[in-house]
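Protein chains in written order, with my numbering: chain A, 1 to 515; chain B, 1 to 219.
These aren't lab readings, by the way, just hints derived from the structure by calculation.
These figures come from a predicted structure and were not determined experimentally.
For each residue, glycine too, the CB sits at the ideal point set by N, CA and C.
Where hints are given, some of them may not hold.
In silico DSBU-like links for lysine-lysine, alpha-carbon gap of 35 Å or less [what the hints assert, rightly or not]:
1) 244(A) / 52(B)
2) 39(A) / 248(A)
3) 473(A) / 52(B)
Which bits of chain B does chain A cover? Going by a derived footprint, with three or more residues having C-beta under 8 Å, they are [said to hold, decoys possible]:
4) 124-133
5) 189-198
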Amino acid sequence: MSGRIFTGDELTRDLTVECDVCVIGSGAGGAWTAHELVKQGKTVVMLEEGGYHTRREFDMTEPRAFQNLYQELGNRAADDQSITILQGRSVGGGTTVNWCSSFRTPERILKVWRERHGIDTLSAATLTPHWEAVEQRLRIATWPQEMMNANNKVLWEGLGALGYERGLIRRNVNNCLNLGYCGLGCPVDAKQSMLVTVIPDAVEQGLTVYANTSARVLDWDGRRVTAVRAEVIDDATRKPTGVKVVVKPKLTVVSGGAINSPGLLMRSQLLSEGRVGEKTWFHPVLMMMGLFEHEVNAFHGAPQSVYSHHFIERGPGKMGYFLEVPPVQPMLASTVLTGTGPETLELMAKLKHLNVMLAIHVDGLLPDEEGGTVRLRDGAHSRYAIKYGFTPAHWEAFRSSCKEMAKLQFAAGAKQVRSLHLSPVTLDSAAEVDKLDDAKWEAMQVRVATAHQMGGCRMGKDPATSVVDPHLKYHSLDNLFVVDGSVFPTSLGVNPQETIFGIARWAATHIGQAV
Amino acid sequence: MKMYLPPPGSKPSRRGVLKKGLLGGALLALGGGAFLFTRKSVEVEPPADGLKVLTAREFAVLTSLSYRLLPRREGFPTVELVQVARGCDRILTLVDPTALTETKQLLVLLENALPNFLFGRRAATFTTMSTDDQDAVLSEWQHSRITVRRSGFTALRSLVMAAYFSSDTTWPGLGYPGPQPGIYDPNAPVWKGNGAERPLGNGTFLPPPAPAAVDGGTP
Numbered sequence: 001m002s003g004r005i006f007t008g009d010e011l012t013r014d015l016t017v018e019c020d021v022c023v024i025g026s027g028a029g030g031a032w033t034a035h036e037l038v039k040q041g042k043t044v045v046m047l048e049e050g051g052y053h054t055r056r057e058f059d060m061t062e063p064r065a066f067q068n069l070y071q072e073l074g075n076r077a078a079d080d081q082s083i084t085i086l087q088g089r090s091v092g093g094g095t096t097v098n099w100c101s102s103f104r105t106p107e108r109i110l111k112v113w114r115e116r117h118g119i120d121t122l123s124a125a126t127l128t129p130h131w132e133a134v135e136q137r138l139r140i141a142t143w144p145q146e147m148m149n150a151n152n153k154v155l156w157e158g159l160g161a162l163g164y165e166r167g168l169i170r171r172n173v174n175n176c177l178n179l180g181y182c183g184l185g186c187p188v189d190a191k192q193s194m195l196v197t198v199i200p201d202a203v204e205q206g207l208t209v210y211a212n213t214s215a216r217v218l219d220w221d222g223r224r225v226t227a228v229r230a231e232v233i234d235d236a237t238r239k240p241t242g243v244k245v246v247v248k249p250k251l252t253v254v255s256g257g258a259i260n261s262p263g264l265l266m267r268s269q270l271l272s273e274g275r276v277g278e279k280t281w282f283h284p285v286l287m288m289m290g291l292f293e294h295e296v297n298a299f300h301g302a303p304q305s306v307y308s309h310h311f312i313e314r315g316p317g318k319m320g321y322f323l324e325v326p327p328v329q330p331m332l333a334s335t336v337l338t339g340t341g342p343e344t345l346e347l348m349a350k351l352k353h354l355n356v357m358l359a360i361h362v363d364g365l366l367p368d369e370e371g372g373t374v375r376l377r378d379g380a381h382s383r384y385a386i387k388y389g390f391t392p393a394h395w396e397a398f399r400s401s402c403k404e405m406a407k408l409q410f411a412a413g414a415k416q417v418r419s420l421h422l423s424p425v426t427l428d429s430a431a432e433v434d435k436l437d438d439a440k441w442e443a444m445q446v447r448v449a450t451a452h453q454m455g456g457c458r459m460g461k462d463p464a465t466s467v468v469d470p471h472l473k474y475h476s477l478d479n480l481f482v483v484d485g486s487v488f489p490t491s492l493g494v495n496p497q498e499t500i501f502g503i504a505r506w507a508a509t510h511i512g513q514a515v
Numbered sequence: 001m002k003m004y005l006p007p008p009g010s011k012p013s014r015r016g017v018l019k020k021g022l023l024g025g026a027l028l029a030l031g032g033g034a035f036l037f038t039r040k041s042v043e044v045e046p047p048a049d050g051l052k053v054l055t056a057r058e059f060a061v062l063t064s065l066s067y068r069l070l071p072r073r074e075g076f077p078t079v080e081l082v083q084v085a086r087g088c089d090r091i092l093t094l095v096d097p098t099a100l101t102e103t104k105q106l107l108v109l110l111e112n113a114l115p116n117f118l119f120g121r122r123a124a125t126f127t128t129m130s131t132d133d134q135d136a137v138l139s140e141w142q143h144s145r146i147t148v149r150r151s152g153f154t155a156l157r158s159l160v161m162a163a164y165f166s167s168d169t170t171w172p173g174l175g176y177p178g179p180q181p182g183i184y185d186p187n188a189p190v191w192k193g194n195g196a197e198r199p200l201g202n203g204t205f206l207p208p209p210a211p212a213a214v215d216g217g218t219p
């Protein structure tokens with residue numbers, strides 16, 4: 001039985017649909033859940049707020065990609081702009097625009113979840129068969145060192161020179177041409193995103209996808225969700241068309257990702273006494289920019305192929321971090337860089353010679369952390385009130401990571417290194433890294449970004465301290481599950497997509513049994 | 001219900017960039033209605049195809065802002081050529097209504113003579129100031145001790161930069177060659193199921209063939 005993908009332009013009349021399961025969101029969690037459920041013979045309807053954009057539109061230009069494929073055109077941010085939030089919004093969700101890095105969940109994180117949050121359902125042994133299946137389907141494999149681009153080579157060589165731990169990243173690609181535009185939608189479908197793999201696989205087996213269809217509220221009565229009320233969004237204007245879609249499922253799976261999943265629950269008055277939207281983890285990212293004599297051309301080549309977990313555990317009371325690099329393409333680079341006027345253009349003129357390094361901080365593991373909070377915003381449609389609580393441990397780690405990144409960049413041959421403070425610190429040698437101690441380490445004085453959003457619907461055994469149970473069922477409802485990164489009680493310390501894939505594939509078994 | 005606790009030293013934020021505590025509210029009031037705002041703005045010719053969401057005055061502020069954030073530099077197109085302020089207007093048609101409202105408030109705040117007078121003793125609107133004074137105002141916003149001004153600066157800067165560097169006319173100045181040619185296929189098939197055969201491609205998956213039966217193994 002073949003299913004179908006409907007897009008907003010085809011949805012011109014109000015519609016009511018009945019099904020076994022309604023999956024809300026088509027990213028890493030929703031896609032794998034829907035895929036496994038249709039394999040079980042369930043009738044599944046998937047709602048996706050974003051559009052169905054395919055390689056026919058993936059022309060590798062930033063304006064088109066940010067408009068079509070990112071939440072709020074790439075401008076999602078904390079209320080005070082202290083964190084820029086990059087998050088996907090289209091069929092395939094974040095997997096359509098991420099940089100392909102694939103890691104299994106670290107054992108130490110599963111241990112924390114087990115010991116501190118009572119999550120006795122998830123272990124490496126439980127998840128391994130799911131990871132193996134995912135890795136086979138998505139062709140996850142180590143990216144060959146000889147294909148490494150110069151931007152990653154800076155990190156690789158810096159790590160080698162300083163004797164730090166380093167590794168090659170496994171990527172979910174097939175026949176990858178090493179172009180470098182993973183973040184703008186792969187123009188040859190080499191990236192094994194949900195868009196080109198698991199979702200079409202599921203459609204072949206009967207999945208119905210409604211793209212440009214934004215779930216606005218869950219109707220519920222007693223302990224059961226009775227309907228999902230959605231509205232069709234005009235893909236060009238991003239405004240509601242007025243057409244309504246009502247889905248009446250036996251069971252509902254919310255997979256909108258951290259931020260949007262809590263948003264939907266809050267609009268539905270499913271608040272878990274205020275815990276929904278709390279303890280949102282961002283893997284806060286600090287960046288350092290290295291200027292090299294030779295061309296780095298960080299806009300081309302597989303964006304991420306090297307990592308280091310050398311600083312992932314820094315001792316009691318300290319926040320760990322891991323190191324990777326991003327692609328550096330013009331529009332995104334210009335918005336992330338600090339400075340004005342001639343200074344900006346001077347830097348941008350050196351784009352070919354710039355290396356950017358990322359330190360990704362592992363939040364949610366220290367006792368005093370509150371993380372981020374997502375709340376509804378008056379008068380908004382797709383925007384939320386988002387705050388993030390930086391602690392002294394954050395600032396200590398940020399300072400440390402920026403110094404280490406500078407050392408690595410100099411070790412790899414950088415002529416100059418610059419921080420992304422509003423008043424940037426410029427270093428001319430590794431001997432000067434302590435100048436970073438004098439920089440202003442506070443919100444809105446230094447650029448912080450996130451590409452990994454987690455938490456907000458955290459799982460746990462105790463209904464008084466969590467939102468979903470260790471099987472991902474919403475505590476107080478019998479037919480509502482949340483399956484995405486929002487259920488993580490902490491951040492991960494690795495790029496999150498494979499963890500979400502594995503957990504979704506695992507959860508689909510008992511979700512199917514609950515229908 | 002456990003309440004969110006802001007980090008030490010920060011002010012509670014309820015509704016976006018501008019509405020941050022008393023001082024933010026006061027800044028808004030200054031931006032919204034004080035008498036010095038009645039001072040004239042520079043008039044700027046609107047784009048030939050009109051404005052979608054900005055007023056003429058807001059367009060003028062963005063035009064002045066883009067001149068200061070992106071001064072002329074050899075090898076780079078001018079802001080007039082790229083039509084940066086028009087680009088901002090078009091971007092703003094796509095943002096959430098609350099983000100549009102806040103952007104407009106920020107532009108009013110930047111333009112308003114009263115806060116500019118209070119903070120910098122410059123009794124002129126932003127668009128009518130000398131370029132040196134405009135640079136000084138922007139620097140004050142960028143380095144202000146008041147978070148709302150730093151946040152506002154960052155938001156407006158990002159908007160202007162996105163509008164400018166979204167243009168491929170900037171690429172030569174960057175030394176950016178653009179995407180590799182001959183890859184993108186504007187006629188690539190779009191498959192939506194409904195009984196149609198799914199085209200083979202990099203995303204399709206054929207399970208590895210089962211090992212061939214070995215003859216002679218059976219008794």
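These are the hints, each one checked on the structure:
{"no.": "1", "hint": "244(A) / 52(B)", "in the structure": "holds, 27 Å"}
{"no.": "2", "hint": "39(A) / 248(A)", "in the structure": "holds, 21 Å"}
{"no.": "3", "hint": "473(A) / 52(B)", "in the structure": "violated, 45 Å"}
{"no.": "4", "hint": "124-133", "in the structure": "violated (count 0)"}
{"no.": "5", "hint": "189-198", "in the structure": "holds (count 9)"}
Violated hints, listed in ascending order, are 3, 4; each of the other numbered hints is respected by the structure.
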